[in-house]
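Undergrad: Sequence:
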Amino acid sequence: KVRIGHYYEAAILESIGVDMIDESEVLTPVDEKHHINKWLFKVPFVNGARNLGEALRRITEGAAMIRTKGEAGTGNVAEAVRHMKIIVKEIWSLRGMTPEERMRIAREYGVPHQLVELTARLGRLPVVNFAAGGIATPADAALMMWLGADGVFVGSGIFKSSDPRERAAAIVLATSMWDDPETVVEAQAMISEQKSMMGIDIRKLKPEELLQVRGD
3 KVRIGHYYEA
13 AILESIGVDM
23 IDESEVLTPV
33 DEKHHINKWL
43 FKVPFVNGAR
53 NLGEALRRIT
63 EGAAMIRTKG
73 EAGTGNVAEA
83 VRHMKIIVKE
93 IWSLRGMTPE
103 ERMRIAREYG
113 VPHQLVELTA
123 RLGRLPVVNF
133 AAGGIATPAD
143 AALMMWLGAD
153 GVFVGSGIFK
163 SSDPRERAAA
173 IVLATSMWDD
183 PETVVEAQAM
193 ISEQKSMMGI
203 DIRKLKPEEL
213 LQVRGD
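Using this note's numbering, the letters of the sequence shown map in sequence onto residues 3 to 218.
It is worth saying that the hints were derived from the structure and are not from the lab.
A portion of the hints provided could be inaccurate.
[Claimed, not checked] Straight-line C-alpha distance at most 30 Å; calculated BS3-like pairs for lysine-lysine:
#, residue 1, residue 2
1, K91, K35
2, K87, K3
3, K87, K35
4, K3, K44
5, K3, K35
6, K162, K87
7, K3, K162
8, K91, K3
Turn these sequences into a full structure, and let the hints guide you.
TA: Structure representation (structure tokens):
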């Protein structure tokens, strides 16, 4: 992970040979107005997004992968669900617009018109879109895949649980076989709900405590 806008943290990570960089809202941003120009790097970047505008702006900057922001570290998947649904809904709205309306949307988002047209034509983002933020169980992972994610990121949901090894294996199984409920049942049976990360009610967080609002 690097802080939003911190070019030199990214340069250091690239120099030591990391496989991918997450320009992450979980860390305190160093630039609240600008993200890193990812076209300056050879290493791929992943960025978070809450909606289509954020996703397309990050892609314009050079992101090779998008993930939902969700609300990291909470064990509560509700925000990841909301963000995925928003992105999918806004993409489908594009498909029903006229070229003139899509031109207006491109100006509103601050992204190239060609990128908006490509997204509308594909019916999806032109890069992979993973789900992240609050995923803590195999069922959470399967749900996000069902909603249209290409994959999932899981951090705290595994490593703040009491059974990280078993939980990681179960989530991998559920993600791979998300469209087979019987296999997802098997994945759920591999873990104990009593050992899951304790979920946090997002509604009880103060606005300044929310990580997802960093970097639009």
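Undergrad: Between K3 and K44, does the CA-CA distance stay at or below 30 Å?
TA: 16 Å, holds
Undergrad: Hey, K3 versus K35, does the alpha-carbon distance stay inside 30 Å?
TA: Holds - the C-alpha atoms of K35 and K3 are around 19 Å apart, at most 30 Å.
Undergrad: Verify the proposed pairing of K87 with K35, using a straight-line Cα cut of 30 Å.
TA: Satisfied, since the Cα-Cα distance of roughly 26 Å is no more than 30 Å.
Undergrad: Under the criterion that the straight-line Cα-Cα distance not exceed 30 Å, is the pair K91, K35 satisfied?
TA: 26 Å, holds
Undergrad: Holds or violated: are the alpha carbons of K87 and K3 at most 30 Å from each other?
TA: 25 Å, holds
Undergrad: Between the alpha carbons of K162 and K87, is the straight-line distance 30 Å or under?
TA: Status holds; Cα separation ~27 Å.
Undergrad: Is it true that the CA of K3 sits at most 30 Å from the CA of K162?
TA: Judged against 30 Å, a Cα distance of about 18 Å means the pair holds.
Undergrad: Given the hint that K91 pairs with K3, test it: the Cα-Cα distance must not exceed 30 Å.
TA: 29 Å, holds
Checked against the numbered hints given earlier, the structure satisfies every one of them.
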